[in-house]
Structure formats: structure tokens, C-alpha cells
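One-letter residues, chain by chain:
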Amino acid sequence: MINYIKSENYRLLRKKSLYLTTAICFILITAAAFVLYYFNEVDAHFPYGTSSFFYSNVLGMGVLIIIISFVYNATLTGKDISLTKQAVSFGISQSSIFWSKLMLTLCYFMFVCIVGILLMIGLGEILFAKEPETTGNFLIASFNMVPIVLSGFILIHTLKMLKISDIYNIIIIVFIYIFSGDLLYFVFRQINGWNEFYLFAPSTQLNDNLMSFMNQSMQLDYRYWVTGIVISVIALFIGAATFTKQDIG
Amino acid sequence: MSAVIQTYTLTKKFKQDEVIKPLNFSVEKGEICALIGKNGAGKSTIFKMLSGQLTPTTGEIYLFGKSGKDMVQAKRRMGFMIETPVFFPDFTAIHNLEYFRIQRGVAEKKRINEVLEIVGLANQKKKKFGEYSMGMKQRLGIALSLLSSPDCLVLDEPINGLDAEGIMEIRRLLIQLNQEKKITILISSHILTELQLVATRFVFIKNGVIVEDVSKQLLDEKSRKQIHLKVDDTGKTAQLLERAYEDIQYKSLPDQIITIQNHIEEAGEINRLLIKNDVFVMEFRVEALNLEEYFLGLVEGAGEK
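Read top to bottom, the protein sequences are chains A and B. Residue 1 is where the first sequence starts when you use full-length UniProt numbering, and the numbers rise one by one after that. Residue 1 is where the second sequence starts when you use full-length UniProt numbering, and the numbers rise one by one after that.
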């Protein structure tokens with residue numbers, strides 16, 4: 001498995017899409033900060049030239065971050081997946097392939113996320129006026145978002161490994177991370193004991209997280225982790241079990 | 001001799017379609033075994049099951065005497081090339097092989113240049129795989145199968161896409177690997193005449209069933225010769241032949257042609273028999289049957305007497 005991870009790392013580091021996506025993300029973050037800074041400088045009444053507004057842009061784009069994670073996962077699970085048959089022929093188990101690709105792409109994605117957060121905090125601190133507790137709240141909000149975003153990444157990985165087409169993959173992600181809360185609310189609203197079930201939906205949690213940040217009432221919440229872990233475990237259980245039994249040829 | 005590859009009642013079903021019927025098959029150490037069959041006969045399915053790309057519906061596979069989880073180590077002694085080789089199109093031959101060298105734990109980097117040299121791609125190693133011709137892709141596939149210095153090669157249609165010179169080179173290479181490195185080879189191809197020159201054993205497969213399994217010696221005997229006749233009256237010729245030789249095996253073909261598969265040594269007497277009975281013989285020659293004709297005869301059940 002170690003050799004397989006090393007070889008996939010060799011491949012990953014030679015993927016242009018990895019560098020391109022990372023560069024675009026960092027450029028957009030930087031550009032957003034400088035645009036807000038510029039308007040704040042030229043217009044004394046510009047209301048959005050604050051670090052909290054700057055941070056809220058990222059916190060409000062949970063689904064976009066999950067879709068960006070799709071690109072990172074696809075670096076090893078896109079067309080390259082056809083090469084797995086060579087690895088299987090050499091005796092590398094399908095289980096090792098599934099977990100190796102997940103671990104490697106997840107590590108790179110998390111690394112980029114951490115650098116992105118640090119870049120944002122750096123830009124926020126340098127370009128905008130100091131706001132008490134904003135950075136701390138942003139870190140708490142980011143921490144709450146982690147399980148939701150990771151569950152999205154893991155779900156994408158499972159769907160990619162099971163060769164679900166990209167369009168269905170995106171539709172499933174959009175449904176779960178944008179519409180699931182509304183659906184659960186609609187279905188369970190009149191059933192006692194279940195009428196607050198929608199609060200555990202990832203879409204509801206992403207919205208709540210943003211609202212708490214905007215209201216400056218941010219606090220760590222275990223429910224994000226419950227939702228993230230449940231989605232991740234189900235996706236991994238189905239993905240690993242199905243992919244391991246799947247015919248590659 | 002010991003079996004490098006062995007299968008016991010191996011079957012594969014796709015939905016309700018049983019593409020491989022219970023298959024008991026083995027490849028002995030040191031052999032070059034040719035698996036011959038038309039498209040859809042089940043050759044690639046067998047190879048994919050051997051490599052682990054497909055899971056057999058029933059039955060067992062033993063590689064170097066190991067099965068199940070123990071087979072993992074045995075697989076590392078094998079080199080597979082199944083169907084069209086797949087590589088990263090944006091990688092050069094060197095990068096592609098480096099990826100697999102790392103994956104397969106091959107310690108020496110120089111092995112990459114060695115295998116590229118062996119398959120004749122040393123001059124094209126910096127070209128991207130996506131720019132390779134079909135023949136070059138096949139060669140790189142063979143290079144990959146040789147990368148981990150295997151004891152057994154399983155090659156599915158390795159000659160596909162190669163030009164005449166390339167075919168000769170690969171044929172020479174396979175014989176060399178077998179004789180000098182003692183590598184056992186299981187190979188399939190549609191270019192049957194090429195296998196006739198390479199293989200030491202021939203296994204014919206039709207609709208997932210092995211229909212014939214012969215040594216090169218036996219095949220050469222079986223396919224050695226036939227008498228080719230062109231006569232004015234094929235009906236009368238057939239009557240005369242059947243009357244004179246009870247066990248005669250012949251085929252009546254269009255254009256007044258008859259081919260006789262046995263009694264070759266009595267060609268002169270057959271000729272005399274026909275002339276004596278006023279059959280006008282326009283052509284009479286003894287010709288060698290090639291493997292392809294033999295194979296087609298077997299798998300199509302061509303009308304012999």
C-alpha cells in the first residue's frame with residue numbers, strides 16, 4: 001500500500017490541474033480581499049470593507065468549496081482510474097487503491113484549505129480594520145464547516161470510485177448540501193420528534209454556521225460533526241465494500 | 001514440470017450469459033502456450049480473471065501453486081498485458097514506467113531503460129504516450145509487463161497493431177525471454193501464423209470452452225499437409241475416393257476443388273485412380289495447412305466427411 005501511495009503521489013505532483021486549481025483559489029481569495037479593500041478606500045461609506053464580510057464570503061460558499069474539492073479528488077479518480085487494472089494485476093488490492101487515493105487527495109485538499117484559511121486571515125488582518133473576535137469566530141466557523149466539507153469530499157470520492165458520472169455526482173452533492181434541509185423540513189415538519197431533524201441536514205448547518213458568524217454568536221457545535229461523520233461513514237462503508245467487489249476489467 | 005497457472009472449474013457469468021464454461025486449464029513452467037479463439041471466445045475474460053480484474057463466478061485459480069490471498073505474492077512474479085495497454089497519456093514512457101516502478105517496488109531505476117531497450121522504445125522514451133502509435137503502445141505494454149522481471153508473462157494480443165518488422169521483433173523477443181530467461185508465457189492473438197512460430201502448445205477456445213489442446217509437435221503433424229485437387233467432376237471424384245479409401249477425409253469446396261486431409265503419402269495412387277476413371281484433373285498438388293486453417297476447421301466445424 002505504501003508503494004501504491006508513493007506512485008500515486010508521483011502522479012499527483014505531475015498533474016497540472018492540481019497546481020492550476022490551487023493557484024486559481026488563492027488568486028480569487030486574494031482578489032476578493034483587494035477588491036473589498038479598494039472599494040473601502042475609495043468610498044468612505046462602503047459597508048463591506050470589513051474582515052467579517054470578507055470571511056463570510058468563504059463561510060457562505062460551503063457548497064462551492066465542496067465542488068472545488070471535486071477537482072482535487074478527480075486528480076486521481078478521473079480518467080486515470082482506468083490504470084487501476086494494472087495495479088490490480090500486480091496484486092494490489094482494490095481496497096488499498098480505494099483508501100490510498102482517498103487519503104492522498106484528502107491530504108492535499110486539506111493542506112490547500114489550511115493554507116487558504118491562513119491566507120485569508122493574513123489578508124483580513126493586514127487589509128481591514130481590526131474587529132474584536134472576528135478572527136476567532138472565523139476559526140470556529142471554519143472548524144464547524146470541516147466535517148461537512150470533508151463529508152462532501154468523501155462522498156465525491158465514493159461516487160467517483162464507483163464510476164458514477166460527474167454530472168450525477170454534482171447533482172447528488174448539490175441536492176445534499178443545498179436542498180436537503182428544506183426537504184427534511186417539508187417531510188418531517190408535522191411528525192413529533194422528527195420536526196427538528198432538518199437541523200442536522202448539511203445545508204441547514206452550512207446556513208446556520210454562516211448566520212451565527214454574521215450575528216457574532218459563533219460557538220463550536222457537535223451537530224456538525226455528527227452529520228459529517230454519519231455521511232462520511234455511510235459513504236465509506238458503501239464505497240469501500242462495493243469498489244472492493246467490483247470487476248475492474 | 002510444475003504448473004505456473006492452473007484453473008479448476010473456472011466459470012464466468014455476465015448476468016445470465018455464461019461466457020466461460022467450467023474451465024480446467026494449466027500452463028506448465030517453461031511453456032509458451034498460445035490461446036487461440038475468435039473475438040468473444042473468452043480469451044480476454046480468462047486473462048482478466050487470472051489477473052484479478054474480473055472475479056470468477058465459480059472455480060479456483062492457482063498461480064505458482066498459490067490461490068486466494070496467498071496469490072498476491074505469486075502475482076508479483078507475473079507480468080500481465082491485457083487488451084490495449086493503458087497509461088497516462090500526458091506522461092512520457094519514462095514517467096509512466098517510473099510510476100509503475102515505484103508502485104511495484106522495483107529498486108533499480110535503470111530497469112526502466114533496460115525494458116525500453118528490450119522492446120525497442122529507447123529512442124522514443126521522451127515522447128508522450130498520447131502521441132504513440134498503436135504499435136508503440138503495445139511495446140510499452142510489454143515493457144511494463146517485463147518491468148518487475150517476472151517469471152511468467154500473460155499477454156493478450158501483444159502483436160495487435162504492430163507492423164511486420166515489429167511482429168518479427170516481438171516474436172524474437174518472446175522466444176528469447178522464454179529460452180534465455182526461462183519465462184513462461186501465455187499468449188493470445190488473432191495472428192495465428194505468428195503464434196505457430198512462437199508457441200510450444202496451442203489451446204483453442206470457442207464460446208468459453210476449450211475445444212482442442214495440442215502440442216506444437218502434434219499440431220505440426222495434424223496440420224502438416226493436404227492434397228489439393230481441381231477436377232471436372234467433383235461428385236464422381238468423391239465417389240471414387242470413398243470407394244477406394246473407407247476412412248478418407250476430404251472437403252468439397254467451390255470451383256470444383258476437393259481437398260484431402262489424409263492418405264497424403266498415397267497422392268500418386270489417388271492421381272492414377274482419378275485418371276484411370278476418366279476424371280479430368282486440372283490441378284493436383286500437396287500443400288501444407290497452416291494453423292489458421294486448422295483452427296478454423298476446428299472451431300467452425302467445417303464439413304469434413
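Watch out, some of these pointers could steer you wrong.
DSBU-like mimics (lysine-lysine), calculated; alpha carbons at most 30 angstroms apart, straight line [what the hints assert, rightly or not]: (1) 109/B with 127/B; (2) 66/B with 245/A; (3) 16/A with 130/A; (4) 13/B with 109/B; (5) 79/A with 110/B; (6) 16/A with 66/B; (7) 109/B with 6/A.
Source of the hints: derived by calculation from the structure; they are not laboratory data.
Looking at the structure, which of the earlier hints fail to hold?
Per hint list: 3, 4 and 6 violated.
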